[in-house]
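Asks: In case you want the letters, here they are:
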Amino acid sequence: MPKASPRSAARAVDPILHALFDVHEATLPNGLKVRLLANHQAPVVSLYTFFQVGSRNERPGITGISHLFEHMMFNGAKKYGPKMFDKTLESNGGRSNAYTSNDMTVYYDDFSADALETVLDLESDRMRSLRISDQTLTSEREVVKEERRVRVDNEIPGMMDEELGTLVYKAHAYRWPVIGWMADIENITREDCQQYFRTYYAPNNAVLYIVGDIDPKKTLALVRRYYGDIPRGPTPAPVLNAEPEQKGERRAVVRHPAQSPSVMIGFRGPAASDEDTLVLDVVQYVLTKGEGSRLVKSLVYDQKAVVSVSLDWSWRIDPGTVLFYLELKPDSDPAKVEGLLYAELEKLAREGVTDKELQKAKNNLRADHLRELSTNSGRGHALGHYEALLGDWREGLSLPTFYASVTPEQVKAVAAKYFAPERRSVVTLQPEAGAIEPGDDADA
Amino acid sequence: MASRKIASVKKTVRKAAKAVRKQAVSARNKVAAVRAKVPARSRPAAPKAASSAAATGALKLPPLHESTTSTGLRVIAAERGPLPLVSVRLVMRAGGVWDPPGKDGLADFTARLLRRGTKRMDADGISEAVEFVGASLYAGVNEDVLSVYLTTPAEHFSAMLDVLGQVVREPTFPEQEVVDARERALAQFANDLDDPSAIADRAFTRALWGDHPYGRDLGGIKRTVSTFTRDDVVRFHTERMGPRVSMLTVVGAIPPETVAAEAERAFAGWTGGPDTPPELPRKQEPMAKAGQVLLIDKPDQTQSQVRLGGPGFWLGHEDYFPATAMNIALGGGFTSRLMNEIRVNRGLTYGVSSYFDTMSAGGVFALSTFTKTASTREIIDVALKEIHGVRDGGLKARELKDAQSYLAGLYPLRTETNESVASVIADIRMHGLGDDWVEKFRDRLRAVTPKDVARVAKKYAFADRPVIVVLGKASEVKPLLEGLGPITVVPASEYE
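Taken in order, these protein sequences are the chains called A and B. Quick note: the first sequence uses full-length UniProt numbering, first residue 1, plus one each step. Quick note: the second sequence uses full-length UniProt numbering, first residue 1, plus one each step.
Take the hints with a grain of salt, since some may be wrong.
Distance windows between CB atoms, simulated [said to hold, decoys possible]:
hint : chain 1 : residue 1 : chain 2 : residue 2 : range
1    : A       : Asp-331   : B       : Gly-393   : 41 to 47 Å
2    : B       : Asp-275   : A       : Pro-15    : 47 to 53 Å
3    : B       : His-212   : A       : Glu-422   : 54 to 60 Å
4    : B       : Ala-374   : A       : Asp-134   : 18 to 24 Å
5    : A       : Glu-422   : B       : Pro-491   : 22 to 28 Å
6    : B       : Lys-385   : A       : Thr-166   : 30 to 36 Å
7    : A       : Glu-346   : B       : Ala-268   : 44 to 50 Å
8    : A       : His-18    : B       : Asp-124   : 52 to 58 Å
9    : B       : Asp-124   : A       : Arg-225   : 47 to 53 Å
10   : A       : Pro-236   : B       : Ala-374   : 52 to 58 Å
These are computed hints drawn from the structure, not numbers from a lab. Being a predicted model, the structure only gives us computed values, none of them experimental. Every residue, glycine too, gets a C-beta built ideally from N, C-alpha and C.
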């Protein structure tokens with residue numbers, strides 16, 4: 001697929017963002033990249049650590065290890081043993097969490113500004129010398145299995161999404177769910193985790209973002225002191241995208257007790273670095289942002305065909321999926337509703353958007369972008385997100401300018417290309433009468 | 001802090017969790033998994049332990065400028081940058097407790113219909129006006145108040161406040177919009193039956209409060225919503241919504257003088273509603289189904305949703321600070337006793353938390369969690385043991401100190417955005433918390449002693465037997481619950 005550089009559109013940096021992002025950058029000799037951004041509005045700081053590893057780096061047999069491993073990062077290292085990470089952080093006025101996606105694993109802390117050094121000690125300790133015991137792994141595995149039950153096994157959209165992934169992708173690791181298959185979660189060993197840590201958690205595979213009530217110069221000195229002696233690791237093997245071309249629509253049915261049918265549809269999209277990704281951001285806003293957006297107005301209000309319609313277009317390193325989810329009414333005919341959606345998508349590809357619609361999408365993209373940047377945490381995350389997916393956080397500063405330059409012709413062309421029937425995969429939920437009493441087999 | 005349990009927010013959260021593909025799995029996300037449906041009540045609040053100049057440094061809201069429009073609407077403005085955005089919140093004492101008899105959900109239903117047509121604009125016109133400039137407008141209710149939220153780029157503040165004024169002053173509630181909204185709500189109720197935690201929450205609220213107005217489902221139920229007519233909505237709007245029971249808060253990059261002038265214009269001629277804010281009598285006594293077990297049968301489940309609850313207290317209650325400190329140590333953070341024993345030591349769940357849900361006339365102390373079917377009894381027993389442990393023994397001095405430092409360090413996050421500042425101002429003024437609430441919060445928290453905690457623990461950590469609600473596969477779960485109290489089994493469809 002031809003890859004246009006995001007820079008091709010003569011993108012200038014947005015002046016408001018430029019003023020907001022006076023970022024200090026450094027790279028330590030061990031390869032750890034550091035980005036610091038001061039904001040003295042309140043005596044608090046957010047720290048993000050982005051590791052360039054996610055379910056994309058896994059293989060069958062240990063799917064879900066990125067996520068299970070993320071849990072293990074809170075279970076003790078050399079200096080701060082089991083339970084001490086949270087205990088130390090919370091008793092110093094901080095809180096922490098993390099998430100795993102297909103492409104990356106992200107850890108974050110929000111804390112009182114005076115706890116900065118303690119947090120650097122905690123974070124560098126686990127990057128340097130994580131300790132994985134059989135006991136904590138056994139217990140954490142049960143926690144993750146409960147998480148899988150709550151997100152997938154007992155949740156209809158979770159089930160459908162898992163089915164859709166295997167339809168859209170035949171060869172790529174995006175095929176399996178981030179949380180992993182249940183049997184694989186059972187199968188992951190301590191040795192697998194240790195191997196994973198050595199391969200992907202070295203400083204040269206990480207970027208540190210610290211945003212808030214800090215002095216960048218002093219903070220950088222502290223970062224050098226705490227992280228400087230962590231040895232560089234091997235360069236992780238690149239991920240091969242062997243996904244073959246899709247040659248026609250793919251369909252699957254999920255039967256489960258439910259009140260109403262529903263439909264989840266994925267169209268194969270571009271990679272984050274492809275300029276079409278940003279045009280699809282505009283398309284997403286045109287279709288589903290707000291009550292007056294095309295699909296909400298047409299399918300929910302005018303035709304009254306669905307209870308809700310949503311569109312998720314998440315940037316990915318390798319080509320991602322433009323995903324629609326239609327929540328129907330108990331007596332709805334899924335085939336008919338699918339037809340209504342396709343008619344709207346075809347109309348967009350055929351006729352494009354009005355100037356006013358396009359301007360509306362741009363105004364909303366800009367307003368949402370600014371809102372996202374209103375907190376330290378939002379700023380830190382945005383920097384990491386852009387750097388991980390676009391290669392440089394600076395790309396984020398020129399997004400508003402790019403969005404502003406999108407033309408109706410681009411919208412039309414992108415809709416025509418990506419909403420083609422041969423790019424889609426469809427999962428339909430067919431309600432099955434709920435078994436009333438014992439002996440039902442619906443929980444398989 | 002004040003509970004903002006807003007029906008539409010709850011729904012949005014649920015929907016977002018449902019509809020959008022889970023490409024990011026947040027591992028330790030007890031917050032999203034369990035807390036999402038728990039009010040954002042205790043956004044960590046509080047002061048910093050000893051040292052720290054930064055954290056002990058003064059924390060203040062921007063200056064508040066108060067004015068009143070000629071129609072009697074109180075307006076509070078706080079100027080705040082640097083982003084060119086403004087957040088507006090109009091709060092009315094017209095929440096779910098003021099639903100007429102047999103019309104549960106009418107306040108919420110009316111709130112959602114406000115933007116579906118006014119004397120000067122139809123629904124599409126309103127959506128277009130608001131959404132074109134990148135603003136957002138929505139309305140929802142909690143038990144006590146009906147709120148309309150607006151966020152807008154600062155340059156469009158005047159035009160957007162005008163739209164807000166229109167939807168509140170002169171909504172027309174077109175007949176067809178009422179019919180359509182009713183149908184959408186009923187379809188949504190049916191689909192909600194597939195959402196185990198939503199049904200468990202619904203059942204829990206009813207079991208806790210019984211016939212008390214706080215026991216109603218904020219969004220209503222099939223039986224009540226199916227009776228809603230345009231007349232009901234019009235009457236609710238006329239009788240319950242008006243300037244003298246309302247307050248407008250505006251926070252962001254806009255001068256206070258502009259706010260006062262634009263508010264006068266936007267709300268000119270607004271009449272209706274009661275002359276004084278309605279009050280519900282306060283209540284602090286055992287819950288409706290104390291000591292009983294309610295088991296909701298959903299045979300396809302492989303996991304049980306578990307809720308335990310007893311009496312709490314109302315907003316502005318003197319027990320707030322010691323109770324908050326107690327809760328952090330018991331079931332607040334990742335190092336809480338409940339989290340430690342249930343998740344970390346035993347691997348029984350992904351998420352467990354306890355919380356105080358506080359409303360204007362009463363409240364609840366509760367626990368929310370889930371576990372695989374086979375460990376349903378174990379998780380209940382362990383949770384009760386931990387809660388009773390605090391009830392009988394209070395907290396260790398060190399535990400309390402850690403809880404205080406935790407809340408204190410994170411409290412400034414409570415004032416980080418225009419939205420959160422608007423919200424804290426609204427809470428302060430609606431519930432009489434005092435304008436020094438934010439400034440003094442950390443000192444007051446720090447002043448809590450182990451003795452204070454012991455006192456409130458005796459009172460709230462299930463002094464009486466709690467209400468127990470479990471949603472799961474009844475055929476397997478019921479035998480596990482023997483001995484906890486009289487068990488009633490009902491099908492999930494009871495909660496449509």
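Asks: Taking the Cβ atom of B:Lys-385 and the Cβ atom of A:Thr-166, is their distance within the range 30 to 36 Å?
Replies: violated (43 Å)
Asks: Within 52 to 58 Å: is that where the Cβ-Cβ distance between A:Pro-236 and B:Ala-374 falls?
Replies: violated (39 Å)
Asks: Between A:Glu-422 and B:Pro-491, does the C-beta distance stay in 22 to 28 Å?
Replies: The hint (22 to 28 Å, Cβ to Cβ) is violated, given that A:Glu-422 and B:Pro-491 are roughly 44 Å apart.
Asks: Cβ-Cβ distance between B:His-212 and A:Glu-422: within 54 to 60 Å?
Replies: For A:Glu-422 against B:His-212, whose Cβ atoms are near 58 Å apart, the range 54 to 60 Å holds.
Asks: Take a look at whether the Cβ-Cβ distance between B:Asp-124 and A:Arg-225 falls inside 47 to 53 Å.
Replies: violated (60 Å)
Asks: Cβ-Cβ distance between A:His-18 and B:Asp-124: within 52 to 58 Å?
Replies: Violated, since A:His-18 and B:Asp-124 (Cβ atoms, about 37 Å apart) do not stay within the stated range.
Asks: Is 41 to 47 Å right for how far apart the beta carbons of A:Asp-331 and B:Gly-393 are?
Replies: violated (56 Å)
Asks: When you take the CB atoms of A:Glu-346 and B:Ala-268, is the distance between them in 44 to 50 Å?
Replies: Roughly 47 Å apart at Cβ, these two residues keep to the hinted range, so it holds.
Asks: Can you tell me whether the CB distance of B:Asp-275 to A:Pro-15 sits inside 47 to 53 Å?
Replies: holds (50 Å)
Asks: Look at the Cβ atoms of B:Ala-374 and A:Asp-134 and judge whether their distance stays inside 18 to 24 Å.
Replies: holds (23 Å)
In summary, the structure is inconsistent with hints 1, 5, 6, 8, 9 and 10 from the numbered list given earlier, while agreeing with the others.
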